[in-house]
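S.K.: Next come the chains, spelled out residue by residue.
4 protein chains.
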Amino acid sequence: MSRETRSRLVELRRELHAYPEPSWCEFHTTSRVVDELESIGVDRVALGDDALDPAERMGVPDDDELARWREAAAERGARDDVLERAAGGLTGAVAVLERGDGPTVGLRVDIDALRQTEADGDDHAPAAAGFRSENEGVMHACGHDAHTTVGLGTVAAVAESDFAGTLVVFFQPAEEVVGGGRPMAATDHVEGIDHFLAVHVGLDHPTGEVVAGGDEALSVRQMTAEFVGESAHAGAAPQAGRNAMQAVAAATQNLYAIPRHAGGLTRVNVGRADVGSAPNVVAAEGRIELEVRGGTDDLRAYMTTHAERTLDTAARMHDCTVTTETLAVAPREDSDESMVTAVAGAADATPGIESTVRRAPLGVSEDATYLMRAVKQDGGDATFVVLGTDHPGGHHTARFDVDEETIGLGVDVLSTVIRRLGGEETG
Amino acid sequence: MSRETRSRLVELRRELHAYPEPSWCEFHTTSRVVDELESIGVDRVALGDDALDPAERMGVPDDDELARWREAAAERGARDDVLERAAGGLTGAVAVLERGDGPTVGLRVDIDALRQTEADGDDHAPAAAGFRSENEGVMHACGHDAHTTVGLGTVAAVAESDFAGTLVVFFQPAEEVVGGGRPMAATDHVEGIDHFLAVHVGLDHPTGEVVAGGDEALSVRQMTAEFVGESAHAGAAPQAGRNAMQAVAAATQNLYAIPRHAGGLTRVNVGRADVGSAPNVVAAEGRIELEVRGGTDDLRAYMTTHAERTLDTAARMHDCTVTTETLAVAPREDSDESMVTAVAGAADATPGIESTVRRAPLGVSEDATYLMRAVKQDGGDATFVVLGTDHPGGHHTARFDVDEETIGLGVDVLSTVIRRLGGEETG
Amino acid sequence: MSRETRSRLVELRRELHAYPEPSWCEFHTTSRVVDELESIGVDRVALGDDALDPAERMGVPDDDELARWREAAAERGARDDVLERAAGGLTGAVAVLERGDGPTVGLRVDIDALRQTEADGDDHAPAAAGFRSENEGVMHACGHDAHTTVGLGTVAAVAESDFAGTLVVFFQPAEEVVGGGRPMAATDHVEGIDHFLAVHVGLDHPTGEVVAGGDEALSVRQMTAEFVGESAHAGAAPQAGRNAMQAVAAATQNLYAIPRHAGGLTRVNVGRADVGSAPNVVAAEGRIELEVRGGTDDLRAYMTTHAERTLDTAARMHDCTVTTETLAVAPREDSDESMVTAVAGAADATPGIESTVRRAPLGVSEDATYLMRAVKQDGGDATFVVLGTDHPGGHHTARFDVDEETIGLGVDVLSTVIRRLGGEETG
Amino acid sequence: MSRETRSRLVELRRELHAYPEPSWCEFHTTSRVVDELESIGVDRVALGDDALDPAERMGVPDDDELARWREAAAERGARDDVLERAAGGLTGAVAVLERGDGPTVGLRVDIDALRQTEADGDDHAPAAAGFRSENEGVMHACGHDAHTTVGLGTVAAVAESDFAGTLVVFFQPAEEVVGGGRPMAATDHVEGIDHFLAVHVGLDHPTGEVVAGGDEALSVRQMTAEFVGESAHAGAAPQAGRNAMQAVAAATQNLYAIPRHAGGLTRVNVGRADVGSAPNVVAAEGRIELEVRGGTDDLRAYMTTHAERTLDTAARMHDCTVTTETLAVAPREDSDESMVTAVAGAADATPGIESTVRRAPLGVSEDATYLMRAVKQDGGDATFVVLGTDHPGGHHTARFDVDEETIGLGVDVLSTVIRRLGGEETG
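Just so you know, the protein sequences line up as chains L, X, F and G, in that order. So for the first sequence, this note's numbering puts the first residue at 1; every next one is plus one. So for the second sequence, this note's numbering puts the first residue at 1; every next one is plus one. So for the third sequence, this note's numbering puts the first residue at 1; every next one is plus one. So for the fourth sequence, this note's numbering puts the first residue at 1; every next one is plus one.
Just so you know, these hints were derived from the structure itself, not from any lab. Keep in mind it's a predicted model, so treat the numbers as computed, not measured.
Sample of chain G residues lacking proximity to chain F, with all beta carbon distances greater than 10 Å (derived):
#1 Ala55
#2 Asp63
#3 Asp80
#4 Gly102
#5 Asn135
#6 Glu337
#7 Ser355
#8 Asp390
#9 Pro392
The calculated label-pair distances, taken between Cβ atoms and stated as ranges, are:
#10 L/Arg68 - X/Ala67: 16 to 26 Å
#11 X/Glu84 - G/Thr321: 52 to 62 Å
#12 X/Thr324 - F/Asp63: 51 to 61 Å
#13 F/Gly121 - L/Asp274: 46 to 56 Å
#14 L/Glu325 - X/Arg309: 31 to 41 Å
#15 L/Asp274 - X/Ala67: 23 to 33 Å
#16 X/Ala301 - L/Arg76: 52 to 62 Å
#17 G/Glu71 - X/Arg309: 45 to 55 Å
#18 L/Pro361 - X/Thr324: 40 to 50 Å
#19 F/Asp62 - G/Asp348: 52 to 62 Å
#20 X/Lys376 - F/Asp188: 53 to 63 Å
#21 L/Gly423 - G/Ser355: 39 to 49 Å
Note that beta-carbon positions come from the ideal geometry of N, C-alpha and C, so glycine has one too.
Take these sequences, add in the hints, and give me the full structure.
M.R.: Below, the structure written as structure tokens:
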């Protein structure tokens, strides 16, 4: 990759970083993706309900929230045609590049940000270099700004190459709420894909390292639980209340205490609670957001069963009721050996890649597994590639950042794999 | 009281009910109080920092919140002169009526509403009769609309009577956050008050009953606790977090379990919790609002000590820190026998009062106790009067309402006491 | 009372103190009571199923335990005739003194000790003076040694007086497990009692003070809860367990957090837990002993309802089952005004009594309430007398002790009341 | 192995099964082991402080307990000479068989039983066939009866073979309390061992399967925590107590909720609690037995740190103190590839072995790791062999049993490995 291309990609990444948008609200980001795709000159860009099946979406914010972000995107100059197609949270895009006879290769990058306030100290590069998030409380704290950039860079590199075949790139929205993978997997864009690559930066792998087959994505279920009790004057009639606060506390304590499982890893987290109204009122209502994960779908089911029982009994313990709703689900799907070999070969051939790991556990959940599963069920093979990057803070923390060197390296590795899958001779 | 006066007071109460304002935001309510006082023709109305000591206020909302309510009040037609004096949350008023030589009598009524959504069913009279709260999420759920009305009706009745002396009426803001009593008690309006009456409707006493001496107001402390831990990816690195959610749950469970005390009644409530950000992130921060109460100031101190230890150890248990801040404090102050006798005598003489109770425990907290204490320390005597009213729902619940019959009865009883204290012959 | 009598009573109390026996195991104590009654010369002593209704007993230990204590009593020289009647835990006695025409007066004293290890420091008088408990782990930590002595002293004093009527004295076993009052109340010894006195020392009243009417005995229910889950290897298969330990912990935390009640005082305590087997085994079974109390029978019912729901949901939360069993129940029963007046008069007339309190809340539970209720239902009147005593440690603690001065004072007050009820002229 | 030998070994196992002895109390078992070793004709049998270092023992019961079991063993016919050496809990034996020049091979089998009541239904073979535990409440629920038998059978088989070298067999006591491995590893019997084998039956591997290298023994720490508060009358003065029961409940709930760790597996269990005295007394004392485990020693340290903080803060939360004491510790130690190959080869050559697994995680903890570590540090190699056996109930449950077929198979595999290590030609 030329120094110039690299520098342009870094600039693009910084632009995306400075304007992070949460899941299903990636209006401006989608608009910028479309700009870039057009400037590259792809054959087709699917948007809105052409890019995903609206009915399969999960975790979509309410209309007000969607409207606010759409409006903000418009003010910042997002394209009207894109905003119209994306209305109501149909964000994201699928780009198709046709280059004659050859296999169909799929690539998935995700584009959304997190509801996390970004660090503002001088030791945080985006703050020091002036591209810290302008959307206070939202942050690219998981590197999807880099993913989007790598995806666009790869399309450009493949477009300029001798690749023979079709490249389908999924610019997926709403990965952070595990919401965008399933609706994209439900479209006919996945049909006929012979080889599929999903990609993620970091995950504690250093710059210069590539994992050819990320495995063991944690099977995950995220949900809400709404507790309803009855309010009462906390001084005059505490016995008249049915205390949703106590129900939430009992549930939380016991959720974390669900027995560990000898069959593999399990996770549980209550990440958000919004309960009650005022100190002198017995809380009538409480809402928590929680998740369970497992090393396999069965282990996730084990955790789900226990979590639901815990929520239910905690509610009844305090004479409340509870209603749960699933926010998101993603299965585990491992990488295929054939694709691991393909990616490892390309990585080994890429200058700057110093370490190629064939397989490693991901340690996180991913709804790219829906796309992987769909491709595999259709006869294709798939892998999940990790592009190592030195990151000063952990994923999902205020000081997360990527080593921008990774962007060029990632484009090089991915475009090499794709070109080779599309018939280019192996060096 | 004439049927006409009674009907006018009911109309006024309904107007106030329909436009409830939360603590320190009673801009429109204060403006209406001043209107009425002027139409009655009192001698002085103190506003802003003449009515209360700004430095002694507690629980004041942030500037944005104050500005929003002030603006709304202006739009609805509140007087500019009042809004200016009340700017920054200096709401409330002190009215002084001078009628020659005689004792100085103080009366306190509170004027603020609660952050509570009002019921909207046909079985809820304000909804059925069309004066349900127009400020969604705020409600006169404790009868302060009636208190304000009774205060104004009493001023009018005394003004028209042969009362000899001075009447000082405190239209106190921010009782619900236990925030307005102390700053009013810190002004020189309390100086020289010989006899003092505070008043509350309901508290499970029926229409037609008067409690001449409400006693045993619960000594109360309300506070916030801010827990700070560290966020982490709940799937990839749960061990890297320091979980504020777990700290909050442990604190909450154990706060309610503070040992009961054989020395008298105690209360504890965690009424509000706002913790964490998203289901897949270990919660880095959590804020709770809680209160402790005791039958005496010592019992409140017992609860405070235990609560603080519980908060501190719960935080440390989960490797978090916690910072507490006091929102409000109110002491217990009982009624003086002399004033109990005075009120009981007036109640017995009032047509429509079917039951006079000399003394009864209040069962709630009250920051009128600051005013009572100040008057007593200055040599005066004081009492807390409960005007019974049939209320369909409990205090602080969505279906609270007052029996409007109570308004006229309350004015009759209070004006009779005041007139008698001011020298009128006892019938 | 003569100095000699007083000194003999102190000696007797020390003898009883040194050989404390737990509830239903008072074999030696009963034998000593009978010795003393015979030496006084009462008319009848009812024992075994003549003294109580075996079917109404609660909290009886198992046969092994009973046999062990009986054997120990025999070794120490208890009378065979008494041991035979008391076999199987039919301990206690009812003494009847007939002195011609006149009212029937009942007196109840309790005789059992607690399972509590006695202090052995020099600052604990029984240890310093050589009459510390010889039955390690059992202790007269509630003053029933003094009660027994006062009961015997009173019989002797009345026997020597001009009392006209019948005196029935209940030497009640098993008060500490709230187990002996009901079976004694179920016999015909309560029939025809015109006036009834129960008695307790201390309760934070000092030596020289008498409470003529102890009121508001806490209504109490004691119970066990047996949790059953399933064991598992805690390392190899934690998920295979159903953890009774977690169920017990969840239950305990939430039991203490049952909402306080504005209607009066409530209590809850989990005083004993015995759970699981070894650190590396998931606990399959757990047993707890708990109690709830209320200021009234209704408040106790409120606590019982909440406690049972908490136990049940805590068990189900951890996939366990739970079975509860009632150990003991005692109601509240207040003192009659007529008897309060009688006792207060006698106390006022007794040298050494410096303070007579007509009524005071007891603050504890008492199964003498069964006897009081039975007498009252039969047309008699009743009271619960507290004989103040300076006690260095609290009731039920290792350093509890009585001021022996109280014994003589108690006999003087009680025998005076009884003599007056039996027709003696009031001095 | 001859049918006769096999049948004799089964008989021996049943004899051992019927007389299980808990850790450090294996007096009779040790005596029987010595009998058998003498009948085989080994060169040396080390006992008492020749077999282990008394100072390194952990989890030794009190003297009364030891004396009781020793006496019972004597009554049942245990040898005086053995009992004398084993006095005070110096149980176990080390047998040395010298067969000329060649390597020194070590073998470790453990001999103790668990405190678990054995099933008595007809579907439990030991009950049906008449060799159910005679020591009620103690049971060979982990197969150590089979281990002991396999150890003796192997000595006999090797003794009769052409083995050239020295065989050292550790009949280790107190594995169940993780207490016997360390003191045996501290003797000079481990010096000079070239190859070392530890052995365990079952662990969910079926009869006919052998795991040549059991790995990933869970690193474990077991400990006690003693909470001390202050008792109080639960009705009269709940506020005067410092409640050890609440401290235990808070600790337990939060111990199970220690965050999972992405670095590998963790475990925590509170397996035993003994708290308080009676339902009406605030618990002054509570003792729990708990354990933490980790997939590595570091993960165990992570759990220990969190557990200690949880215990400490839970105690302070309820104004109690807590003292912890370590009962047992065992590290993780994996198998050496060289020995895995040796065992796998022997297993493959053994008729009846249908499945040879080179390596598998153990899933449990083992203090054989101390012996393995000592041998490895001294330059030898080591492995942990699992002999599959169909077991109807899980380890440590009432219905655990071994398939007796495993005994002969185990002897065959182990003696083959040892003979080959000692120079025998590989068939």
